[in-house]
Each structure stands twice: as structure tokens, then as C-alpha cells.
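Asker: We have chain Z; now place chain E onto it with these hints.
Protein chains: 2
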Amino acid sequence: MVGLTRVGAAKLSVSRRQRATPYTPRVTALGVTDFSVVNHTILPKGFGRSVAEDYWHLRSAVQLWDVGCQRQVEVSGRDAARLVQYLTPRDLTAAEVGQCLYAPLIDDDAGMLNDPIILKLAEDRFWLSIADADILLWVRGLAHGMGFEAEIDEPDVWPLAVQGPRAVELASRVFGDVLRDLPFFRFVPVTFAERPLLVARSGYSLQGGFEIYVDGFDRGTAVWDALWAAGRDLDLAPGSPNLIERIESGLLSYGNEMTRANNPLECNLDRFCRLDGAIDCIGLDALRRIAEAGPERRIRGLRFDGDPCPPCQHPWPLRVDGGYAGQVTSAIWSPRFEQNVALAMLERTHWDEGTPVSIECGDGSLRRGEVCDLPMEET
Amino acid sequence: MVGLTRVGAAKLSVSRRQRATPYTPRVTALGVTDFSVVNHTILPKGFGRSVAEDYWHLRSAVQLWDVGCQRQVEVSGRDAARLVQYLTPRDLTAAEVGQCLYAPLIDDDAGMLNDPIILKLAEDRFWLSIADADILLWVRGLAHGMGFEAEIDEPDVWPLAVQGPRAVELASRVFGDVLRDLPFFRFVPVTFAERPLLVARSGYSLQGGFEIYVDGFDRGTAVWDALWAAGRDLDLAPGSPNLIERIESGLLSYGNEMTRANNPLECNLDRFCRLDGAIDCIGLDALRRIAEAGPERRIRGLRFDGDPCPPCQHPWPLRVDGGYAGQVTSAIWSPRFEQNVALAMLERTHWDEGTPVSIECGDGSLRRGEVCDLPMEET
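The listed protein sequences correspond, in order, to chains Z and E. The first sequence lines up with residues 11 to 389 when you count with this note's numbering. The second sequence lines up with residues 11 to 389 when you count with this note's numbering.
Chain Z on its own, in the form it takes in the complex:
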């Protein structure tokens, strides 16, 4: 298993198939050193600093993230609202234009297909701002088969994230004071270079900030450059979703923490599952059966001892008294807790806070750890 972590030393091949974003020339000029691939698009993951250095910076200053890989699936037309509701057990009936809604998407077995932010642009127009999966194909297949009258496409929109405690100052300098009072998970149109631009108070960290839905590949560098210039005195740096911060905050990553083999209750998304028949959604029967029996496992936090752990490329088994107790799905050393922190899928019998577990770590070592709640709090 040790060999697997060496994958990290290999380079990423480039081609048209793994799409660049409008910001790729900028992050390249800033010395990007690591990439991931999400939605057939490259995601910068590092700039030569350690993940810990990036973590402290994200918690104290402000960062600009190229999250163009967070592609949008636009659903519009006569049946758009009915179709989007059919995709998720979250009740969207009272959703307002200008609202962002985190929503599990499930299949007919209640298996998780994605966990996008849904932006309600109009009564008959939505963006699903997705994690890594071709949800466009899923929605188009469903719509064709069920005869929904809707347009489903990927618009020319490339999100850029501004994250960190100084994000409000930076974003309002560039886009106006309207952003200072924008509530969490709301979006507004601002004006940039005499054209409208949607900005949401949201993002893939708990440090505060915005996601800018840059519509038009050709506008990308202008928006990046305006933010970059305005951030000079704010210690602005390029960044990326930070694994330490994400784990401590309990932010899930589709494909890591959960796959199609998991249901929303296993992902602690109970509050986004309306099961009483008030909405028409795929997978509701399966979800009801699961809810009645109760989920067999749930995502929990985990802290564990020993040296900084390697990257978690395969789930690591958890044991209690030698028996299977669950699996670690993401893990890294936390410089704040001075312990390894992880997200894990714990079996029902072992998911209580404080449960001691053994971790079969990817480096072959056996570590002692303890189940904890999310987000992780300092003790």
C-alpha cells in the first residue's frame, strides 16, 4: 500500500479532455504545483506551500480559488421546477429566487449521486453547482424518459471562490458594499465591467466568503485580475479547498466521503429528506425504507494518534475489538489539534462520540483514535 502514495509524485497529463479554466494561465504563473481533476476540469490543489501553511493562511487572511471545475447544470423551461424537485428529497417548494440550497441528489435506490448547491435563478431556471459526476447526463436521461419539458445544458460559467476572514473586505472592494450584508447562501447580481455577475455568499470552507459565478470564459482573467489587484494589502494568496480545514469543518467530498453506495441518511443529510409525501422525488420509497429501519452507518469525525498520516487513497478499515467498525475516507495531520483528523463512515454500533477505534492506516501502521462530532471543536 505504501506504493500508492507515490502516485502523488507523478505528473498529470494534459489534453483537451481535461479542461483548463479561465484562471489556468494565472494559477500557472503563480506557480501551481498540484492538480486534481473534477468534472473533466483541472482543479489547482497546491502552490508550493504545505497544506498546513495554506490552512493557517486561509484561517487568517483571504484566498482566491480557481474552482472552475465546479460546473453548472442549468435546468430551465416549463417543467424545470418539477424536474429539479424530482432529483432531490429536499423540499424545494418554498425556495426563493436568489437562494442557494445544498441538496442531495439520489437515484431510485436512494444512492447518493451528488450533493450540489442549487441556485434558484428564476421560477423556471436553476443551476446545479455540482461535485464530481456527470449529473448533466443523469438529468437529461431522466427528462427524456419522463417527458419533462426542460432545457438541460452546461452554461459557460466558471466559479471563482474568495475564502477567508478578509473575504468580505476583498469582495466588497471589487463588487460593492452590497456584499457586506449578503446573508449566507444567498446570491445577488453585481455589476462588473458594466455587465451583471452573480455572487453568492458560500464556499467550500467554514472561514467565510463568496463564490463568483463568472459567466463567460473570456471574462475570467479580468475578474481574477481585479480581485488580485484589490487584495495586495490583505495578504491575498492563491489557494484551493484545504483538506485540513475541510475535514475539521465536516465538509463532505462526493466520491471521497460518499458514493452511490451511500444514502443521504448515512451522510447526515436527514434534514434535507422530506419523506411525508409532500414532494415527488425519485428514490423516495427506498429512502423511506431506510429511514424506518434507521441508517446502518453514518459519517463521523475521527481523531487519531501517531505521526502525520499518508494521504487516504483507499478507505482505511476501522476496527473495534478486531471487528469491522467502519472506514476512514479522508485524513490528514491537523497542526491545530496536533493530531491526525479524518472523516469516516462509522457502523451504527460504533458511531457514538468518544468511541475508541483502531485505524489500519495506509502506511501499514495501526493507530488508536476516537470518534468525534463535526465540525471538530477544540477540547
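Please keep in mind that the hints were generated in silico from the structure rather than gathered at the bench. The beta carbon of each residue, even a glycine, is placed where N, CA and C say it ideally should be. Do not rely on the hints blindly, as some may be mistaken.
[Stated by the list, open to error] If we take Cβ atoms under 10 angstroms as the criterion, some of the chain E residues that face chain Z in the derived model are:
hint	residue
1	21
2	30
3	148
4	152
5	154
6	253
[What the hints assert, rightly or not] Chain E regions said to be covered by chain Z (calculated; three or more residues, Cβ under 8 angstroms):
hint	segment
7	33-45
8	262-268
9	321-329
Answerer: Using the frame of chain Z, we list chain E on its own:
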């Protein structure tokens, strides 16, 4: 644009989301230096030798490729045959069990969604061996919406390719002489370690060879090791789909040569489009309209002058007399032709063999080239 090619110097981040294959420990031990990501799975792309060195070796010896990223979508059950036929304009009526069928998958606009090899395992059981897209979601969405009675899932199957002129010798040493006479695009069950294993005469090169559909992640290293041991005297080396060979051979790469914006006729797949109403397939009306008017562009070969070109990460525009004539989608220096070779989408007015074109190359240079037929022949 120069900066973009530097993406190739950045490392690929690892996580559970970008899946390892059963062969990852072996290719890592053999010094893999480059990866791509296909179907959320890592694809080895280089082992420290140049693409040209790998090319000559592939044409003269035999290589073992980790193509576990070529995931299978298994469709089985009462309506399986009807559902699979509904996905493609290729007439599958006369398909036989044991046959591999290259087939365009299209959507309701006749846009290309994928170009898998379909393996007919039984009258009611198929594998779609796919290029990079979540076809599983597409098929599940369609099946749910249309009420097809079928099971659709991703089986635990991890293809391994043996490619090159000595592939027959190598594969038959390990799996038996039955492979010597196996016709192209047929598969048979062989016995390995007392269990059946499907082997097809196929692969993503024109140098000959097999794809071994290793069913069971845990069988992977045993199959790899058996081939590795048997190839010692055959100059066996680890390899990967080779860009020079692929371009010269005219083998398409979904996401590079074509996307959902292209139809099968633009991809020269006319012979796989049955339009007379004998089959029931999605997108047939759109495809008929396109066929009547004739496609507006087609994929062609291209050879062009100058120094070895950079990787083609964005399509490069082609010009004739200053006007738009098409775009290059994949390109590399060919040591055999001592010219750059490319695959390109040529507009109807400029797609004839021998048409001279100007290429706006990714390094900022303007190159002179000429349209050619595929596969490329030595002149």
C-alpha cells in the same frame, strides 16, 4: 497559451475519489511518471521514456497497459437488449454473444455521449466498455424514465491491455492457444487460476493485441504478474495508449476529438448509423436531419511542419485564406513521418485530402499543414 502546457509539470493529487486500479502498485513499482484521469480512475501515461520511445517499442514488441479506467456499464435483465439498442444508432439486431461492437452513444440531439465497445455477454446481458463519461448515470436515468426493466451497474471489472506485435505470443502463453485464432473484436472465456476470465481481441492501438476483462479487483496482481513473468524474453514493457500511434491510426478519444457538441457523422461513424427506421434509438430524428443535410464538419488527419509541437490542451484554430477552417484536437511529433501529426475537425469546405491549412499552434507559432486521410499512410 504557453503557460498552459506547464500544467504538465504539476503533480496529480491523490484521494479516494480518483480511484487506483488493481495494477497501481505494479505500475508504481515500475516507475510510472505520468497519469491521466478517466472515469474517476487513474490512467498511467508514461514510464520515464519519451512518447517516441514508447511508440517504437509498441510497434516492435509488446506492452502491458493498465486500462482499468475503462470501466464497464453492465446492463442486464428483461429489457436489456432493447435498452442497449435504444442508446445507439448502430443496429445491434444481428449481434452475437461473444462479439465486441464499437458503437456511438448519442443523446436526443444526436450529440455524442461516448463511443464504447459493447460486449454482448448473453442475449440479456451486455457490458459497455466506456470512454470518459458517467454513462452509468445516463443509462440509469433513461431506464428509470422510460420504465425499462433492467439492472444497470458498474461491475468489479478492471481491463488490462496487451498490445503490440508480440501480444499473441504473450497472451497465448498465459491464457492458451485459443487466443491465437481469436478473430478481431471477438471475446472468449479462458481459464486463469482455475476461474474463467474474458479475453477480447481488441485494444486502443492498431498494433494488435487483447483486452483482458479482469473480473475481481483481487485477481488483478495475479494476472499482471503472470503476464509479466511470461514476457521476459519478449521485451515486454509497461505502456499506455500512445498518442503518436493513436493519431496516426485515427483512433478517436472522447472528450478530445469529439464532445456532446458533435454528432456521429462528424466523427465518420456513418456506417454505425442505421436511419431507415429498422431500430428504435434515441436521437434518430435529429440524426436523420443531419444526414439529409450532410454533416458540416468531419474528423480528418493533418500533418504539419516545424518543430515538435506542444501538447494540444485547447483546440487550435485552422485557417484557410484567413477564414476559419476547423480545429486541431490532438497533436504530437511523429518520429516516423518526421512531421507533426494531428487529428482535427475540418469544416466541410476544407476537409478534402491534400487541402493546405494554417495551424495556430498552442506555442503561438503559425504552421503550414495539409489534410490527410486516416489511418495515416507513409507516402
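Asker: Does each hint fit the structure? Answer for all of them.
Answerer: Hints versus structure:
1. 21: Check passed: Cβ of residue 21 of chain E comes within 5 angstroms of chain Z, closer than 10 angstroms.
2. 30: Cβ of residue 30 of chain E sits 6 angstroms from chain Z, so the hint holds.
3. 148: holds, 4 angstroms
4. 152: holds, 4 angstroms
5. 154: holds, 5 angstroms
6. 253: Status holds, d = 9 angstroms.
7. 33-45: holds (count 8)
8. 262-268: Held - the segment 262-268 of chain E has 4 residues with a Cβ nearer than 8 angstroms to chain Z, which meets the minimum of three.
9. 321-329: holds (count 5)
In this structure, none of the earlier numbered hints is contradicted; all agree with it.
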